[in-house]
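Chains F and X, in that order, are what the protein sequence lines are.
One point on numbering: in our numbering, the residue at position 158 of the first sequence is 158, and numbering is uninterrupted.
One point on numbering: in our numbering, the residue at position 4 of the second sequence is 1004, and numbering is uninterrupted.
No lab work stands behind these hints: they were computed from the structure.
Worth double-checking, as some hints may not be accurate.
[To be verified] Quick look at which bits of chain F chain X covers, simulated, 3 or more residues with Cβ under 8 Å:
(1) 39-48
(2) 121-130
[As the list claims (entries may be wrong)] Straight-line Cα separation of at most 27 Å, DSSO-like style, residue types lysine-lysine; simulated pairs:
(3) X/1116 - X/1130
(4) X/1090 - F/116
(5) X/1090 - F/90
(6) X/1012 - F/55
(7) F/130 - X/1062
(8) F/66 - X/1012
(9) X/1090 - F/130
(10) X/1012 - X/1090
(11) F/90 - X/1055
(12) X/1090 - X/1062
(13) F/12 - X/1055
(14) X/1055 - F/72
(15) F/90 - X/1012
(16) X/1066 - F/116
(17) X/1012 - F/62
(18) F/72 - F/55
(19) X/1130 - F/62
(20) X/1090 - X/1072
(21) F/90 - F/72
(22) X/1055 - F/130
(23) X/1116 - X/1090
(24) F/130 - X/1012
(25) X/1130 - X/1072
(26) F/72 - F/62
(27) X/1066 - X/1012
(28) F/90 - F/55
(29) X/1012 - F/12
(30) F/12 - F/90
(31) X/1116 - F/90
(32) F/55 - F/66
(33) X/1130 - F/72
(34) F/62 - F/12
Computed from a predicted model, the values in this text were never measured in an experiment.
In this text, a Cβ means the ideal position worked out from N, Cα and C, and glycines have one as well.
There are 2 protein chains.
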Amino acid sequence: MEHIISVLVENKFGVLSRVANLFSGRGYNIESLSVAPTLDPSMSMMTIVTRGDDKIIEQIVKQLNKVIDVIKVVDLNETEFVERETALIKIHTRQEDRADSTPTTYTIEVTGDIRKVEACINLFQPLGIKELVRTGRVAIAREPVRQAAAQPRRVLKEEK
Amino acid sequence: MEHIISVLVENKFGVLSRVANLFSGRGYNIESLSVAPTLDPSMSMMTIVTRGDDKIIEQIVKQLNKVIDVIKVVDLNETEFVERETALIKIHTRQEDRADSTPTTYTIEVTGDIRKVEACINLFQPLGIKELVRTGRVAIAREPVRQAAAQPRRVLKEEK
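Start from the sequences, fold in the hints, and give me the full structure.
As structure tokens, this is what we get:
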């Protein structure tokens, strides 16, 4: 089963190597990985999409927590989450439909969950995809919906 | 100066480690990195945003080309390119504006170039960003605009 794991790390040399070495050394699969800045310039956030049964995912989380400069590891599959990915897709235009001085390709941006991105790639594939680049997925946990208690009404006017 | 480098790699264990080790071992900066599938399941595409003067970038490209399972390295700054990044931004809602049983946060998706993404993050920061996750940038080269030669007209009717 596929899991999305977010890993908050200190922005220090070698932390990406250590995480990558952990996966390659133990033969854990990486479907996609992205690492990018956070609001705090001393930290970066990694998002790793990996596959494995519960036991393997548990091991991955445990091992990641032991890596130097790893601050926090969250398996997003333990909760509901929103995921997004962006793909840039360069498509051949059909020359016969075009005037003679126009471009020969379109570049299309697609952002959505994995189903939407893969549906668009499948849609454009028969037209001839010249180049494709994907960001890999990022995800954020949904907040639990809290049913707040009814609030006491303010007494606007004292009643006798 | 910032450079976006795309690295096409064989989808084999250890290639991400080798690339990450190259950067950390030589002290090259990684601003963001993403690695994701391509149309060909035997290959992945990495996009690395790094900083350095021309000499350092030249070294990085040269070293990347020597890494086992690296197929192709392109410094996108050598041409014009389109870049995109996606950020998911979870923002606190202001409790005083809300009825009592509604959610306490919004999650916003932003896709655009680095300026747009960072402008949105700066815009939302005073409202209180609870969580932020970014994909890192991906980019695709613009096609050179070719001015095609005027095409010969078809002779519809022979004139005498």
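Exercise for the section: Find the hints from earlier in the document that the structure breaks and name them by number, from lowest to highest. Expected result: 5, 9, 10, 11, 12, 14, 16, 20, 21, 22, 25, 28 and 30
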